[in-house]
Amino acid sequence: MGGKSKRSATATEAASPDLEVLQKLRIIIRAAQRHSLWIEKQCGVNGAQLWIMQELAETPDLRVGQITARLAIQQATTSNLLESLVRKGHIVKTRDQQDQRVVKLSLSEQGRAVLEAAPKPARGLLPEALAKLEPGHLASLNSGLQGLLGSIEVLDEGFGLQPLPFTMQESG
342 MGGKSKRSAT
352 ATEAASPDLE
362 VLQKLRIIIR
372 AAQRHSLWIE
382 KQCGVNGAQL
392 WIMQELAETP
402 DLRVGQITAR
412 LAIQQATTSN
422 LLESLVRKGH
432 IVKTRDQQDQ
442 RVVKLSLSEQ
452 GRAVLEAAPK
462 PARGLLPEAL
472 AKLEPGHLAS
482 LNSGLQGLLG
492 SIEVLDEGFG
502 LQPLPFTMQE
512 SG
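Each residue of the sequence shown is one higher than the one before, counting from 342 in the numbering used here.
Think of the hints as simulated: they come from the structure by calculation, not from any bench.
Hints should not be assumed to be uniformly reliable.
Computed list of lysine-lysine pairs in DSS-like fashion (alpha-carbon distance at most 30 Å, straight line) [stated by the list, open to error]:
#: 1; residue 1: 461; residue 2: 473
#: 2; residue 1: 429; residue 2: 382
#: 3; residue 1: 434; residue 2: 445
#: 4; residue 1: 365; residue 2: 429
#: 5; residue 1: 461; residue 2: 429
#: 6; residue 1: 382; residue 2: 365
#: 7; residue 1: 429; residue 2: 445
#: 8; residue 1: 382; residue 2: 434
#: 9; residue 1: 461; residue 2: 365
#: 10; residue 1: 461; residue 2: 434
Quick list of the computed label-pair ranges, beta carbon to beta carbon [to be verified]:
#: 11; residue 1: 383; residue 2: 424; range: 49 to 59 Å
#: 12; residue 1: 470; residue 2: 361; range: 16 to 26 Å
#: 13; residue 1: 489; residue 2: 371; range: 31 to 41 Å
#: 14; residue 1: 434; residue 2: 490; range: 16 to 26 Å
Values in this document were obtained by computation on a predicted structure and should not be read as measured data.
We put the beta carbon where it would ideally sit given N, CA and C, even for glycine.
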């Protein structure tokens with residue numbers, strides 16, 4: 342019984358600022374992960390693929406490089422995500438009439454149906470939440486995260502150009 346009350350007392354004590362931030366990061370990451378898993382269960386596509394579908398619904402005939410820029414990921418990753426969506430019949434590739442080297446991408450009717458039935462936000466919780474922040478709050482968050490990144494000794498900045506792992510599970 343003594344151990345249980347000690348744990349309860351510890352849980353109610355105020356956490357230090359670093360632990361409060363850690364807890365908030367855990368909440369954010371787990372919420373994003375849960376949303377991504379919900380997307381996969383409901384739609385059969387991963388979170389990054391659904392984001393691509395949302396971009397194509399809003400702006401048809403995008404090129405691979407444009408999608409890469411909108412998602413802030415590597416072009417090779419974008420190409421892999423797109424190939425899977427093409428195989429599933431969710432997007433269609435067409436050649437530009439004036440320049441046959443240019444491939445344009447658009448959402449198929451099947452893809453549109455998947456997107457309409459998908460959990461919202463289709464871009465994912467983190468991208469949508471960040472887009473809704475006031476510019477001052479976003480700048481403060483960016484500065485704080487840059488400070489955190491600066492304190493991590495072993496860091497691969499290339500990770501910043503990859504979707505979160507839980508948004509990338511191959512679904513089907």
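So, going through the hints one by one against the coordinates:
1. Proximity of residue 461 to residue 473 is assessed by CA-CA distance (about 15 Å); at most 30 Å being required, the pair is judged to hold.
2. As the CA atoms of residue 429 and residue 382 are separated by approximately 15 Å, the hinted pair is consistent with the 30 Å bound.
3. Using a Cα cut-off of 30 Å, the hinted pair residue 434 and residue 445 holds, with the two alpha carbons roughly 6 Å apart.
4. Proposed proximity of residue 365 and residue 429 is contradicted: the alpha carbons are some 37 Å apart, above 30 Å.
5. Distance restraint check for residue 461 and residue 429: the Cα-Cα separation of roughly 21 Å lies within the 30 Å cut-off, and the hinted pair is therefore satisfied.
6. Pair hint residue 382 plus residue 365 holds up; C-alpha atoms about 26 Å apart against a cutoff of 30 Å.
7. With a C-alpha separation of about 17 Å, the suggested pair residue 429 and residue 445 falls inside the 30 Å cut-off, and the hint holds.
8. Restraint check: the Cα-Cα separation between residue 382 and residue 434 comes to about 26 Å, which is no more than 30 Å; the hinted pair holds.
9. Between the alpha carbons of residue 461 and residue 365 the distance comes to roughly 22 Å, so the proposed pair stays at or under 30 Å and holds.
10. Taking the CA atoms of residue 461 and residue 434, the gap is near 25 Å; set against the 30 Å cutoff, the hint holds.
11. At roughly 22 Å, the beta-carbon separation of residue 383 and residue 424 lies outside the given 49 to 59 Å, and the hint is violated.
12. Take residue 470 and residue 361: their Cβ atoms lie about 19 Å apart, and the range 16 to 26 Å holds.
13. Distance hint check: the CB atoms of residue 489 and residue 371 are about 18 Å apart, inconsistent with the given range 31 to 41 Å.
14. Checking the proposed 16 to 26 Å range against residue 434 and residue 490 shows it is violated: the Cβ atoms sit about 37 Å from each other.
Comparing the model with each earlier hint shows violations of hints 4, 11, 13 and 14; every other hint is respected.
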